Amino acid sequence: TQLLEQSPQFLSIQEGENLTVYCNSSSVFSSLQWYRQEPGEGPVLLVTVVTGGEVKKLKRLTFQFGDARKDSSLHITAAQPGDTGLYLCAGGPGGFKTIFGAGTRLFVKA
Amino acid sequence: SQTIHQWPATLVQPVGSPLSLECTVEGTSNPNLYWYRQAAGRGLQLLFYSVGIGQISSEVPQNLSASRPQDRQFILSSKKLLLSDSGFYLCAWSLSGGRLYGYTFGSGTRLTVV
Numbered sequence: 001t002q003l004l005e006q007s008p009q010f011l012s013i014q015e016g017e018n019l020t021v022y023c024n025s026s027s028v029f030s031s032l033q034w035y036r037q038e039p040g041e042g043p044v045l046l047v048t049v050v051t052g053g054e055v056k057k058l059k060r061l062t063f064q065f066g067d068a069r070k071d072s073s074l075h076i077t078a079a080q081p082g083d084t085g086l087y088l089c090a091g092g093p094g095g096f097k098t099i100f101g102a103g104t105r106l107f108v109k110a
Numbered sequence: 111s112q113t114i115h116q117w118p119a120t121l122v123q124p125v126g127s128p129l130s131l132e133c134t135v136e137g138t139s140n141p142n143l144y145w146y147r148q149a150a151g152r153g154l155q156l157l158f159y160s161v162g163i164g165q166i167s168s169e170v171p172q173n174l175s176a177s178r179p180q181d182r183q184f185i186l187s188s189k190k191l192l193l194s195d196s197g198f199y200l201c202a203w204s205l206s207g208g209r210l211y212g213y214t215f216g217s218g219t220r221l222t223v224v
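Quick note, the sequences are listed as chains A and V, same order. Going by my numbering, the first residue of the first sequence is number 1, and it counts up by one from there. Going by my numbering, the first residue of the second sequence is number 111, and it counts up by one from there.
Looking at chain A on its own, in the form it has when it is part of the complex (with noise of 0.2 Å):
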């Protein structure tokens, strides 16, 4: 069975600060996307990273997938409160079965 594991769980940062938060598998995936969830909304897509050693960048946001397709990481420059939010991974060996992390729960003080 496919697992991806996101970490920390949750972080609490000051604005301004820099932040990493990770997603690791033991297993190859074909892509991984990464979403932001607010309180009572869904999930909306951030990025999707398809390509070993590829770094996406979206505005202070930079998104990278690991060369061997299992692991990622979204580093977020300078946050801002409005940064706060549920951040979720989300991979497929291909087809429907996408498999989704349970998200890093961040929360940006102003």
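By construction, these hints were calculated from the structure, which means they are not laboratory data. Here the structure is a predicted model, which means the values were calculated and not measured. Check each hint, because a few of them may be wrong.
Taking lysine-lysine and the DSS-like style, the derived pairs with C-alpha atoms no more than 30 Å apart in a straight line are [claimed, not checked]:
| # | chain 1 | residue 1 | chain 2 | residue 2 |
| --- | --- | --- | --- | --- |
| 1 | A | Lys-97 | V | Lys-190 |
| 2 | A | Lys-57 | A | Lys-97 |
| 3 | A | Lys-97 | V | Lys-189 |
| 4 | A | Lys-57 | A | Lys-109 |
| 5 | A | Lys-109 | A | Lys-56 |
If you anchor each label on the Cβ, the simulated ranges turn out as follows [claimed, not checked]:
| # | chain 1 | residue 1 | chain 2 | residue 2 | range |
| --- | --- | --- | --- | --- | --- |
| 6 | A | His-75 | V | Ser-139 | 34 to 42 Å |
| 7 | A | Gly-16 | V | Val-122 | 38 to 46 Å |
| 8 | V | Leu-192 | A | Asn-18 | 42 to 50 Å |
| 9 | V | Gly-151 | A | Glu-17 | 41 to 49 Å |
| 10 | V | Glu-136 | A | Ser-27 | 23 to 31 Å |
| 11 | V | Leu-205 | A | Lys-56 | 41 to 49 Å |
| 12 | A | Gln-14 | V | Pro-124 | 39 to 47 Å |
| 13 | A | Arg-60 | V | Pro-124 | 44 to 52 Å |
| 14 | A | Lys-57 | V | Leu-192 | 43 to 51 Å |
Glycine is no exception: its CB is placed at the ideal position from the N, C-alpha and C atoms.
Guided by the hints, dock chain V onto chain A, whose structure is given.
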């Protein structure tokens, strides 16, 4: 542009009562449709997915069922709810299997079975 609507937003139902959650998609044709359940502190669990009208695949044995009576309509049902059915239910759509373009989720239904 594509939009996805899911309702109701919240629902409190007694044990043993029936359930019907509805999801509709606008702005696209022949989408793949999904029902997920999210429990506190856990990832999203895929319940059902559908690649076309009347085509339903179930991922988890349970007392829930799904139907797709129209191309852009997906319904989650139960004849008799259990306490363990409480959770946050999310409908989603994708192009193909979601591998490249990801999933677009509805705003969810918070179901509490009492």
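Structure-based check of each hint:
no.: 1; hint: Lys-97(A) with Lys-190(V); in the structure: 27 Å, holds
no.: 2; hint: Lys-57(A) with Lys-97(A); in the structure: 26 Å, holds
no.: 3; hint: Lys-97(A) with Lys-189(V); in the structure: 26 Å, holds
no.: 4; hint: Lys-57(A) with Lys-109(A); in the structure: 23 Å, holds
no.: 5; hint: Lys-109(A) with Lys-56(A); in the structure: 26 Å, holds
no.: 6; hint: His-75(A) with Ser-139(V): 34 to 42 Å; in the structure: 38 Å, holds
no.: 7; hint: Gly-16(A) with Val-122(V): 38 to 46 Å; in the structure: 41 Å, holds
no.: 8; hint: Leu-192(V) with Asn-18(A): 42 to 50 Å; in the structure: 45 Å, holds
no.: 9; hint: Gly-151(V) with Glu-17(A): 41 to 49 Å; in the structure: 24 Å, violated
no.: 10; hint: Glu-136(V) with Ser-27(A): 23 to 31 Å; in the structure: 36 Å, violated
no.: 11; hint: Leu-205(V) with Lys-56(A): 41 to 49 Å; in the structure: 19 Å, violated
no.: 12; hint: Gln-14(A) with Pro-124(V): 39 to 47 Å; in the structure: 45 Å, holds
no.: 13; hint: Arg-60(A) with Pro-124(V): 44 to 52 Å; in the structure: 47 Å, holds
no.: 14; hint: Lys-57(A) with Leu-192(V): 43 to 51 Å; in the structure: 45 Å, holds
Consistency with the previously given hints fails for numbers 9, 10 and 11, ordered from lowest to highest.
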